[in-house]
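*Asks:* Listed below, chain by chain, are the residues.
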Amino acid sequence: MESVLGRYRNLIILVGVLFLQVLGLAVQVKTGAERETRLIRLWAVGMITPFERGLVWVQDSTGNLWHNYFYLRGVRAENRQLKDQIEQMRLEQVRLSEDAAQAHRLQTLLAFKEQFVSKTVAAQVIGTSGSDLSRIVYIDKGENAGIKPDMAVITADGVVGKVLLAGTNEARVLLISDQTSGVGAILEKSRLQGVLRGTANGEIVLERVMSDEQVQPGEAVLTSGGDQIFPKGLRVGTVTNVANGKDLFLNITIKPAANLGKLEEVLVLTEKQEREAVTEDNGRVRAADILAQRLPSVPEKPAGDAAAAGTTEGVSKPGTGTGTANATSKPSGTGANPQAGVLKSAAAPNAPTAKVTPKTASLSTPSIATQKPKPVNTQTETKPQSAQAQTSTDPSIVEQKPAPPAAQPEPPPQDNSPQ
Amino acid sequence: MPITYTSGEQVEVYRFSLPVTIGVPLVALIVQAYIPKYVPGFAVYVDLPLLVTIFFAMARRNPIAGLFTGAIIGLAQDMLGHNLIGIYGIAKTVVGYGASSLGVKLDLENAGARLLVTLGFYLVHSAVYFTVARALVNMTQHWSWPHGILAGLVNGLIGVLLYFMLDRFKQRT
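Protein chains in written order, with the working numbering: chain L, 17 to 435; chain C, 422 to 594.
Do not rely on the hints blindly, as some may be mistaken.
[Unchecked claim] Not everything, but these chain L residues come out facing chain C in the computed CB check (under 7 Å): (1) 30; (2) 32; (3) 56; (4) 67; (5) 185.
Note that these hints are calculated values from the structure, not bench results.
We treat Cβ as the ideally placed atom computed from N, Cα and C, and that holds for glycine.
Hey, can you work out the whole structure from these sequences and the hints?
*Replies:* Below, the structure is given as structure tokens:
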């Protein structure tokens with residue numbers, strides 16, 4: 017017996033070591049790997065990351081020395097180019113802010129809940145797992161910086177992944193290209209939803225899109241917010257290939273927007289809030305008002321016709337001397353400067369102004385006021401809480417009725433306002 | 422390509438100092454984790470911890486030492502990833518045992534032999550990993566011969582250079 021053990025000693029030890037590891041695997045499979053091995057992994061990461069942090073520091077220092085002191089060629093040209101770019105982006109920003117304000121108004125109308133990123137922590141990537149079978153990176157911030165598992169990690173280009181494990185001063189981030197990752201995604205144009213997953217060879221595919229749907233390469237993919245990790249609307253990538261997959265689903269390959277192979281700095285979304293969409297001034301706007309803005313305006317009637325027909329909207333009657341000012345019934349908008357209490361007609365610069373209270377002013381943007389000039393010749397002050405002014409059931413929408421002018425021979429239009 | 426068959430008495434058995442025994446695998450793990458940050462394909466084609474395992478196992482020519490070296494390096498590599506701990510451990514245990522057993526039989530001091538042995542053990546390592554990952558853990562894995570051979574050759578070339586560098590740390594017993 018002893019001779020057999022001695023003869024096969026090496027083999028027996030090999031089998032024993034392999035058996036122990038297989039046993040360990042079985043325990044992890046049964047009980048959940050992350051929970052059981054959390055401490056061991058943290059310990060291992062804690063051993064490696066100080067060295068990696070040091071390497072990153074040395075590399076950054078060397079790089080900074082080179083870039084800041086020696087390699088300054090072309091800085092002037094680059095500076096000029098960047099300034100031009102800033103000017104262009106400012107123009108773009110103006111346009112986008114208008115769009116955003118409009119989107120907010122619509123969200124308010126529909127009582128949409130919106131998620132927004134309220135706090136992020138910038139972190140530096142200091143290493144990887146070193147294996148193509150485990151696509152994770154390490155960042156140099158951990159629990160001390162408020163980072164917790166399942167927080168979203170992004171760059172300016174797009175989504176990177178989520179925090180898998182957070183140590184004291186480092187965290188492990190699972191990339192979206194890993195096999196075990198999953199991101200709720202939506203195609204930007206076709207609005208088809210699916211689940212984004214990594215594959216064994218490092219590609220990213222969008223699953224669960226039916227094969228009878230039309231998806232074009234080049235279409236952008238955004239987060240859908242359905243996974244409760246990534247806020248809705250973050251850029252994920254672009255469709256590069258569409259093919260028929262298995263089980264009636266399309267096999268859509270995605271090129272990630274963020275360069276997952278060369279990550280340096282990332283942002284961890286440490287806080288996101290969900291709230292109802294609100295406009296800047298909290299004013300309520302009717303859908304009709306917004307639609308009215310989009311419809312072509314009706315040209316002003318001639319003075320005589322208008323005077324003959326009378327008005328129930330307080331439309332001004334040039335030449336009649338009624339001097340009414342319409343504060344509400346004309347297309348109005350939100351997002352106006354609350355301090356813009358005075359609206360002045362651009363078409364009639366000499367015309368008297370209509371002073372409105374801030375609440376009313378919030379419904380009328382200066383730009384709208386210039387689009388629809390009202391040649392009023394008296395000065396009218398609207399008071400939203402005024403009993404005579406209230407005709408709408410909406411308290412925020414004030415309809416100003418013209419006061420009977422002294423020069424007006426006809427009685428004013430029918431006044432439905434409460435007495 | 423001379424791969425000399427030697428008897429157990431003819432082969433040289435080496436040992437390493439404690440700093441080298443601990444430091445070299447640690448450096449291999451750190452470099453393996455660091456370089457893919459800048460060279461994404463590095464982790465796909467190069468496995469430095471495997472090369473270190475093969476080197477130590479072949480130099481010591483002791484199967485038990487080889488399998489434990491492989492097991493420890495493999496488990497450490499598992500801990501740095503997010504997959505179950507033990508998959509790399511099992512694969513490198515087998516490689517460590519195999520390399521040291523082969524080292525007992527063959528004199529693997531020349532570059533050609535080292536290239537072939539590294540290529541062979543890379544394929545063994547991949548095969549064991551593939552089997553364990555699919556059969557025991559139910560991970561999705563795809564086997565590709567072209568990728569395996571190409572990665573094996575890349576590892577072999579890097580291994581030849583690395584082994585000659587690490588030869589300086591060898592101490593005769």
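*Asks:* Hint by hint, which ones does this structure get wrong, listed from lowest number up?
*Replies:* Structure breaks hints 2, 5.
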